[in-house]
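Participant: Since the structure of chain U is provided, determine the placement of chain A on it from the hints.
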Amino acid sequence: MATTIRRTPTRPDVAPPVASDAAPPAAEPCPPVGVWWRAYRHHLRLLRNAAIAWIAGVSIVSTGVVATFEDRIGTEAEMQALEAMEDIPALEALSGRYVEIATVEGFVLSRWGMLFSILVVVWAMLASVRVLRGAEEAGHVEPLRSGTITSRGLLTSALAALFTTHLALAVVIGLSHSAAGMDVATSWALGGAAGLLAASFATTGALASQLVASRRRAVVIVGCFLGVMLGLRVLAAATATPEWVWWTTPFGWIGFLHEVDQARPAVFAALVALLVGLVGAALALAHRDVHTGVLGRRSHRVRPARAVRTQAGLAARLASGSAGTWGTVVVLVVLVFGLLARDLAQAAAEFPTQTELTKEMFGVVIDTTAGIAALAFYFGALLMAALAAGQAVDIREEEATWRVEHLLVRPVDRTRWLVTRALTSVALLALIGVVSGIAAWAATAATGDAITFTDGLLAGINIVPLGVLVLGVGIAVVGLAPRRTTALAYGFVVAAFVLDFAGPFLDPPDWVLQLSPFRHVAAVPAVDMNVGAALVMLAVGAVAAAIGMLVFRRRDLQEA
Amino acid sequence: MTRMDAPPVRFVETTKHYGQVVGLERLSLEIADGETVGLLGPNGAGKTTTLRTLLGLLKPTSGRAEIFGLDGWRHPVAAHRHVAYIPGEFTVWPGLTGGQILDLLGTVAGGYDPTYRDELVERFNFDPSKKGRSYSKGNRQKIAIIAALMTRAPLLVMDEPSSGLDPLMTVTFQDCLRQAKAAGQTILLSSHILSEVEAVCDRVAVLREGVLVEHGTIAELRHLQANTVEATYLGAPPALDDVPGVEDVQLRDGHLRLHVTGSPDPLLKALARTEVTAIQMREPSLEELFHAYYDESADVPAGTAG
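Chains as they are written, first to last, in the working numbering: chain U, 1 to 560; chain A, 1 to 306.
In isolation and in its complexed conformation, chain U is listed as follows (with noise of 0.2 Å):
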């Protein structure tokens, strides 16, 4: 018999006593279908935000073209004008297959389609890659894994939660366009196709998320994707091309969704045939090895390794991999355009009405080699601002996940380190800014109307400012508020595109457009550039740059 006489509780060796030797209760086990629904509510959580967002920008956009399409396109001539654009091969390159231009229907899915389509499989392929090979790469997916789901459960989880992201696509596209005014029928064929298409590209982004170990890998390859299908569709709209080439691409047979080509069951039916064979195959490779690719790793052996003894060093071989590939697209685009300008433009010219709509839409007057090239830049623009914005995600990715503290712990100074990624970032936006007006020129040259290399330089120059300027935002979020860096960065340059491009169409005052940087950048090389306006637009970027700056020297170092 035990007789305790006193005890005080901060005795170093008292273990609490084990007070029961009944086995504790069995845990309920979760039926597999209970198990799946939490993995789908578990996706649909990480992708529900960046789908409202999406979803929200482009349907308004969208809708906005359906309910000012009368206020545009008001007069008898204007509609004979566009009607006679159908037979202009070099314009449906750039935009939808022009079939009756001339009604809202075949407005919308003629001249917004091409874009429209685009906007959505990048959200839809991106956000795809994300949920798939980026949880796994982070490691969110062995305690999913380690539980009783499969990896095809968990595939297949993933995919459903993405479906209805691009189920709700549908539906409100449906619904607002036909509240918009447009024919009931084509409402929903549009919102159906889209939702379809961006479900397409979406399994495509799971299906490289087998093959390849890495998000960035992942977003090449459907990045790679993307650009062979729009190439076919570019190829299928030249005048030499048999029409079966329409119906090798998704891009082209979204073209074949006017009521007057009959060929609806056809898109459906083709999309549909994509969507199964690509879910097979993503569902076949889906049972491999945690943290793996099919393809297997590349060998992870450099030899020689180049050294990266500096911190300049260091920055410019980060900075790179990104910029390279945002670069590399932007290069690319205003080829496209450059080698198309010629045509383009000629059959601009017969067409004042869309050479009008044209510069509404974009600020430039395409009528000439020169102008169409301005509109390559608008584009490029476009792009290099996003590719801004990434350099600012890359930047704050560095405190994200410590590695900046471990040049930071050293003696290397905050401000210091920051300036030298800044300054490494704004260096390749200008060396894209540059290699694109050289490409341009080179471009142009080809077809025998070249603009001079002068103006295709100043028109690559031209679109740096605003790339300086949303880098410069870029870094005062890093600094005011880094968990944000994402939405904010990439958001400032959607909220100034979708203002600059859709604006007009709402008819806000003046200085509303005016907010928009877009506004700002000339379309050289149809215009001269606007000096002041660049001047400005590298004042702001530098002063916002220099408050990110200051914050950030000021404040704790901010994980994930």
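If you are wondering where the hints come from, they were derived from the structure by calculation, not from laboratory data. Treat the numbers as computed from the prediction; the structure is a model and nothing was measured. Positions of the beta carbon are idealized from the N, C-alpha and C atoms, including for glycine. There may be inaccurate statements among the hints.
[As the list claims (entries may be wrong)] Label-pair distances were calculated between CB atoms; the ranges are:
| id | chain 1 | residue 1 | chain 2 | residue 2 | range |
| --- | --- | --- | --- | --- | --- |
| 1 | U | F453 | A | D118 | 50 to 58 Å |
| 2 | A | G95 | U | R45 | 30 to 38 Å |
| 3 | U | E397 | A | G44 | 35 to 43 Å |
| 4 | A | G138 | U | A446 | 53 to 61 Å |
[To be verified] A short, non-exhaustive set of chain U residues, derived as facing chain A with CB atoms under 8 Å:
| id | residue |
| --- | --- |
| 5 | D71 |
| 6 | V308 |
| 7 | T310 |
| 8 | R317 |
| 9 | E397 |
| 10 | T401 |
| 11 | W402 |
| 12 | R403 |
| 13 | H406 |
| 14 | V412 |
| 15 | R555 |
| 16 | D556 |
| 17 | L557 |
Facilitator: Just chain A now, kept in the frame of chain U:
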């Protein structure tokens, strides 16, 4: 300017709050040149906050933290010339090889001993030719350890440095620590591996909820804590109710177990009145001390740090 005659580490009333959450509360602690100090505490006790505040990665809410007399927040670059740091979780640049990362960190640190680097690479059986993304957690940690040790910095600051290392590598790491200590380097080590702290450290500091609850040599801490006494006796149990320093007395079938704090003399005199057939007295292990200080129900003697 760095004052090499100043203590390598000095916290002066250092406080760090994250909004309403206390990360560190009025920490005052000094580490002398060549000393090895272990920082103990459960998760969330403030160990990492302490180290990051010292290194100027976090801004103190009040007070200051100095490295060789230099405020880590105000003069980080000058202060960091004499520090090497090993974080608990070392994330690498996935596109760089281990060798590139070591070169970079060594150069940025202001220089390193290449011969010692090669020796460490060999001792830790580390392959520097692989890309960062392919390294396991243990191998990533080896990069951090080698990068810090190869600089031979006068002050080594380590946050759970051996986490992820296998037992053999842990022994190698402890050998390296002893070597660094023998070379006169000052070490501030946060660790959960108590045997590591016990084997290497001259002093330990115990944190709980951001407060330094105790510090001193391990012998001093043992002195402050109760020793365990076990004895067997014949006849009637000894009367121990009023014996100073005696607590937790358990008597069972001629067997006695209790804790005694301070001098055992009164206890021995009390036991002398009983026929004791065997007696054993044992100091608390560091693990037992650790549990004593971490016990949530214990009173926290705040502000006892000096």
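Participant: Check each numbered hint against the structure and report the violated ones by number, ascending.
Facilitator: 3, 5 and 9
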